[in-house]
Amino acid sequence: MRVATWNVNSVKQRVPRLLPWLDERRPDVVCLQELKLADAAFDDLLGEELARRGYEAAVHGQTQWNGVAILSRVGLEDVVKGLADGPGFPDQEARAVAATCGGVRVHSVYVPNGREVDSDHYRYKLEWLKALRDVVAAGPEDVMVCGDVNIAPADADVYEPGAFEGHTHVTAAERGALGEFHALGLRDVVRDRWPTERIFTYWDYRAAMFQQNLGMRIDLILASGSVAARAKAAWVDRQARKSAGSKAAASKDGAPKVAGPSDHAPVFVDLDEAPDGDIGPVVPPPSAPRSGKSVRAPR
DNA sequence: ATGGCAGGAGCATCCTGA
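Per the UniProt record's numbering, residue 1 is the first one in the first sequence, and the count goes up by one each step.
Just so you know, the hints here were simulated from the structure itself, not pulled from any lab data. Each hint should be verified, as a subset may be incorrect.
To be verified - The calculated label-pair distances, taken between Cβ atoms and stated as ranges, are:
id : residue 1 : residue 2 : range
1  : Arg25     : Pro161    : 29 to 35 Å
2  : Gly179    : Ala51     : 17 to 23 Å
3  : Arg123    : Phe164    : 15 to 21 Å
Said to hold, decoys possible - Taking lysine-lysine and the DSSO-like style, the derived pairs with C-alpha atoms no more than 27 Å apart in a straight line are:
id : residue 1 : residue 2
4  : Lys232    : Lys12
5  : Lys130    : Lys81
6  : Lys242    : Lys232
7  : Lys81     : Lys12
C-beta: ideal position from N, C-alpha, C; glycine also.
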């Protein structure tokens, strides 16, 4: 089962990239963030194209800002929009949606930005993370939290730690809130797979930050131990962050403007089948051991 | 310290992002 998460920064703007990306990468489950449109508009925009590709969609959108979704072609059950007892700013925003896909409880999340340290919005961010933690803690063991967490887990996850001193995304309180998910047993599957690599998932549009690889790793796939143990591969799809064509080609008279990228890249994890056949009817041969770990150990 | 770039609302420019 291939799971991806992508902050698309307006799904309306990203359609010319999203559909070819689905066809090329063929993820089974996709968590999207920053849809920036309402549920009905999402359905009008993509409903038919997604159905043609075999995806069901759980959408929790709103006009203008935020908005999250889960696309799945391995089942989409028990959809929950928003966070139970979650805080608002001042009203609840469309920042979380959950569904059970292929036997795994999947959460697509867009964590509040925080804006300025110790601001109202920063406190809202920390409260929101606590509410998400409580929802995950109360849920099933096989769980994934995927999305834009707006926290760089460690100094190695920002291009220049000194540039972020006193800013959000790197404070001890934010990292502590992220640590609560690890305390529940969740793993950061990309960092587990690449312990010492310099990996970013977000690059500011300005000042050619992507071309210089000056970014941050703030889009994460967190998975319970039971799910993380099935991870065969985990990576960032940098290709999706690249500009499509040369400036010369894009600026030709009358030529349609080439669709630009989101400022975030997608993150992927490939999971082996569940040992007990959660994602399909798997009947072991009579002599096969019924308990214990999968024979197909992750490489 | 500020701007750089991009998107949405909506029609001038402001808010948000991180």
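Cross-check of the supplied hints:
1. A C-beta distance of roughly 32 Å is found between Arg25 and Pro161, which places it inside the suggested range of 29 to 35 Å.
2. Between Gly179 and Ala51 the CB atoms are about 40 Å apart, so this pair departs from the stated range of 17 to 23 Å.
3. The supplied range of 15 to 21 Å is met by Arg123 and Phe164, whose beta-carbon atoms lie about 19 Å from each other.
4. Proximity of Lys232 to Lys12 is assessed by CA-CA distance (about 32 Å); at most 27 Å being required, the pair is judged violated.
5. Distance hint between Lys130 and Lys81 is fulfilled; the C-alpha atoms sit about 17 Å from each other, no more than 27 Å.
6. About 26 Å separates the Cα atoms of Lys242 and Lys232, which keeps this hinted pair within 27 Å; it holds.
7. Between Lys81 and Lys12 the CA atoms are separated by roughly 21 Å; this keeps the pair inside 27 Å, and the hint holds.
The structure does not agree with the numbered hints 2, 4 stated previously, though it agrees with the rest.
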